[in-house]
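Peer 1: Those protein sequence lines, which keep their order, are chains S and C. Residue numbering for the first sequence follows full-length UniProt numbering, beginning at 1 and increasing consecutively. Residue numbering for the second sequence follows full-length UniProt numbering, beginning at 1 and increasing consecutively.
These aren't lab readings, by the way, just hints derived from the structure by calculation. Keep in mind it's a predicted model, so treat the numbers as computed, not measured. Just so you know, not all the hints are guaranteed correct.
Among the chain C residues that face chain S by a calculated CB cut under 10 angstroms, a handful are [unchecked claim]:
no., residue
1, Ala125
2, Leu136
3, Gly137
4, Leu216
Sample of chain C residues at the chain S side, in silico, Cβ under 10 angstroms [claimed, not checked]:
no., residue
5, Val122
6, Met126
7, Ser213
8, Phe261
9, Ser262
10, Ala266
Beta carbons are placed, not taken as given, at the ideal position from N, Cα and C, and that holds for glycine.
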Amino acid sequence: MIRYIASRLMQMLPVLFLVSVAVFSMTLLLPGDPTLSMLGENASLADRVALRERLGLDLPLPVQYLRWAQNVVEGDFGRSLRNGEPVSEMLLQRVPATTQLAIMAIILAILIGVPCGIIAALNRNSFGDVAATSVGMFAMAMPSFWLAMLLVMMFSIHLRWLPPSGYVPFLRDPMDSLRLMLLPAVTLGTILAGLILRQTRTSMLSVLSADYVRTARAKGMSERRTILRHALRNALIPIVTVVGLQMGALLGGAAITESIFSIPGLGQMVVDGIFNRDFPAVQGAILVIVTSILFLNLVIDIAYSWIDKRVLR
Amino acid sequence: METLGSAPRWRLALTALLHHRLGAFGLCVCALVVFTALLAPWIAPYDPSVSDYEAILSPPSLTHWLGTDDLGRDILSRIVWGTQVSLQVSLIAVSGAIVLGSVVGMISGYAGGWIDDAIMRVIDAMLAFPTLILALGIVAVLGPTLVNAMIAITIVNIPNFARLVRAQVLSIRHMDFVSAARGLGASRVRIMFRHIWPSVIGNVLVYGSLTASTALITESSLSFLGLGAQPPTPSWGSMLSSGMQYWDAWWMSVFPGVALFSVVLALNFVGDGLRDVLDARITE
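Okay, chain C solo, but in the shape it has when bound (with noise of 0.2 angstroms):
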């Protein structure tokens, strides 16, 4: 019965994944942004924020390895502390996204009848917006900030995972271990957290890599149009933003979308590569 392993299983998939050669890069790659995000101050060789009048658009050096910005900021600086922004989003904004998604998901699949079709047609109609146009309007709504970002990419990842988690549960309310926790009087709470939810975590988490990566982009493209991270905040859309006024400076456009594009890369990896691992294991 699947609630019974869900943990080893999971440490079974981890195994897997990292045979798997593109999940297994893709794994690494983010734990080097785990890790640049969380060793930031000892890492970054000068302050984020601090300029160096003397030093404004300076080319990549060995002083300055990737380069200065407009400001004389260091980019390698700015790009390691992105890497926090990046986290966060990716952490906070998909969590809150799988968490609030599931929740609906569950209760419109185990609510059956007038409850499903009503959260349906809400759902229905929030996947009607484009996902940054969704985002737009939530961020004119509710101000230009990091943290509004990550409240519109909550909101616009929800209905995803909400149908997900329902058709999860569609398929296994009537299982057998079910109709045996209604049978033992369990309540509807703890039969949909207790017993079907473990069941339904592992596509939810497959699903979340994969939303992690367009969760990095919405965030950076609001950044980009200046609707996101504000200054002096160093993210990775908001630098590449500033690189569009001085395009002699190339080396503001290109470092920080190169850490962008490998990290989305590297997320895709992931959520590729766990949906083999997991399906040779289905198909096995």
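Isolated chain S, as found in the complex (with noise of 0.2 angstroms):
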């Protein structure tokens, strides 16, 4: 098992170097002279020439890269162009609403997916069945932000039962938090739980025909006890495989639903840092975002080989 992590960190390493040196070149891909835009159009050639060697810009690009990622990796993302705010800071603020949302969009979507996947693969073709994978079909088309401006219609403006948008941190109140946070899972939730539906339907019609169900409901199992403890045990591992695949759509995801329902997340800081040209920001928020990717995927490929110890050979 150790072998294992081992071998799928010195995997990562070349895919977060180049990642690292993607997001470190936005700024020098950028049109124009930064100086110019930090100090002014006036500004002397001097000021100017000054200001370049204070930031390090005449130092060879190799050389900048080395000194950008030291810092990155002692957490210094450097300041905001916006307000001179640590950028760090700001990830700091930002990163609990992001996973506020994204757990309880996961948490939502498995318990309206596999639930129906289920119920859906229990009565093939009956009228439960098609009505399930018509609305698993329908949620994986919905454009998010097109289904949040319906929610928001539906819940906040005509039955007024939730608040259109905001954001309260969990810990200092955790109902309205969660009540704040209901449409905005829902929202990111939908695609999610519309590929669980689909992928616990597939799973369990194709465990449902395997031998060792049809051995316990021979041993005389009752229904309920074959499906829960030996169909969905082994139904739920691509499950676990689709979740894992989706963790980037669903930051992803996060950056209009967060834009849409004024949550302060890495999302927005995203959208916000490119209206405001404010690039360490988009900069810091992106690593932080793509990294995460990175590192959940590593954890979700761990405990799938500490479930199926196939993976491991």
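Assembly of the complex is requested from the two constituent chains, each provided in isolation within its own frame, with the hints serving as guidance.
Peer 2: What follows is the structure in structure tokens.
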């Protein structure tokens, strides 16, 4: 197991290096001289040269990259061009909101997708199966920002059950936080719920016709026990894979969901940073999002190898 | 041999798709979108960028079937013209990704060795970025315009096509017909594009139809955030974005969304249908 984890970490390193190079290159690809945008159009040449030296922009690119990477590893992502605040502090303030949103979206998606998928598989070709499969198909085709708008119109504007936007940290007021986060979590979790529903149905159908399920039934085991103990347990493996593969899409989707519901998370930090041309903020947020996805995938791979020992061979 | 029959095979696949219930339905909706985009100047009842200041935020009526927006522009006309943006994104951005991704995948799979390793590491790094985040990063650098959004959508989709094509090339590069071409003295480029490419294109096109729907969602997401098509270009994403300012004018939020959702659903039906049809043919 340790050898497997070590080999997966070694595979991740070159990817992490290339990701960091790509994020670092973002500012280099920007048109125009950064000193002009920082000092203004009327800055003297001497001031600009001095700033270039101070920022290290006169150094060769590999040296600039190494300095930047060293700072990032030490937790220094630079300062926001907008308000001068350290980007690392902005990131620390924003990670909890995105984490809460992602966790709530995954929980909702599993709570909806898995039972509906099981019911659809157990009643194959029935009205319930067709209805569940169709809902799943619609969920996967639903643009998340449109779903968000429909949910706000229905539950906030017309029924007035839930607030249309806002954020309260979970530790400050759990109930209010959950209430504010419900619509965003449904928005973000709907596509994932559709995918989980489809995957659960397919896995359950293949598992239900397997020999060991037939044997369990032949031994007189109750249907409920057969499904929960034998079928669902094995069907869960591909479902875990789907959830793992969708982590990227989930954190990407958070950018739009957070913007709509005014949630101060990492996704909103990227979008706001683009509008304000605050590139240290954009770089920091993108780097944290992508690195989290790489590490989450690593954790899921390790969990997967623990569930299914064949992966280690 | 696959290289000989790619065109008739496609005709057979299309015929089979027309017999696939959801696939045929999806194909009809897509055909309707293509016709609407092409005939937009004649179909649209009003000029999409002309404001009628006496009909600002009017609900659906006989004059304006789907109502008007905050500037008094006819929503139906804007949706009709918006099909052009959707079609451009689906066709140009996805075709670009297909061509570039296929070339990269072909070179990677056929060359092997360190070239393959180097290309695959770059692809892995690109795949580590969530699609929308990578697209946002590219638009941040290039600037927010529809063309840049399309470039971003092309770039974010290259890795998937490259991986798909590479996997296919690896499985067929040692087949007899490739060895025969090599034996006859065909150049590497000729073997790749003349002999291997026709065997790969089927799966690439199926994946392309599925990618078209995600490309459309990515474009509308960028436009919704104000980073794609810019005003007054009628894009469904930006129309929905302005709908968010006027919750009482529900028609501004509902109708462009219905159009977007229907086309995404139709493209998914076509992709799923094509996959079913081709899978069935492979199984046969």
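Peer 1: Take the hints in turn and mark each one as holding or not.
Peer 2: Now for the hints, and whether the structure bears them out:
no., hint, verdict
1, Ala125, "holds, 3 angstroms"
2, Leu136, "holds, 6 angstroms"
3, Gly137, "holds, 6 angstroms"
4, Leu216, "holds, 9 angstroms"
5, Val122, "holds, 6 angstroms"
6, Met126, "holds, 8 angstroms"
7, Ser213, "holds, 7 angstroms"
8, Phe261, "holds, 6 angstroms"
9, Ser262, "holds, 9 angstroms"
10, Ala266, "holds, 9 angstroms"
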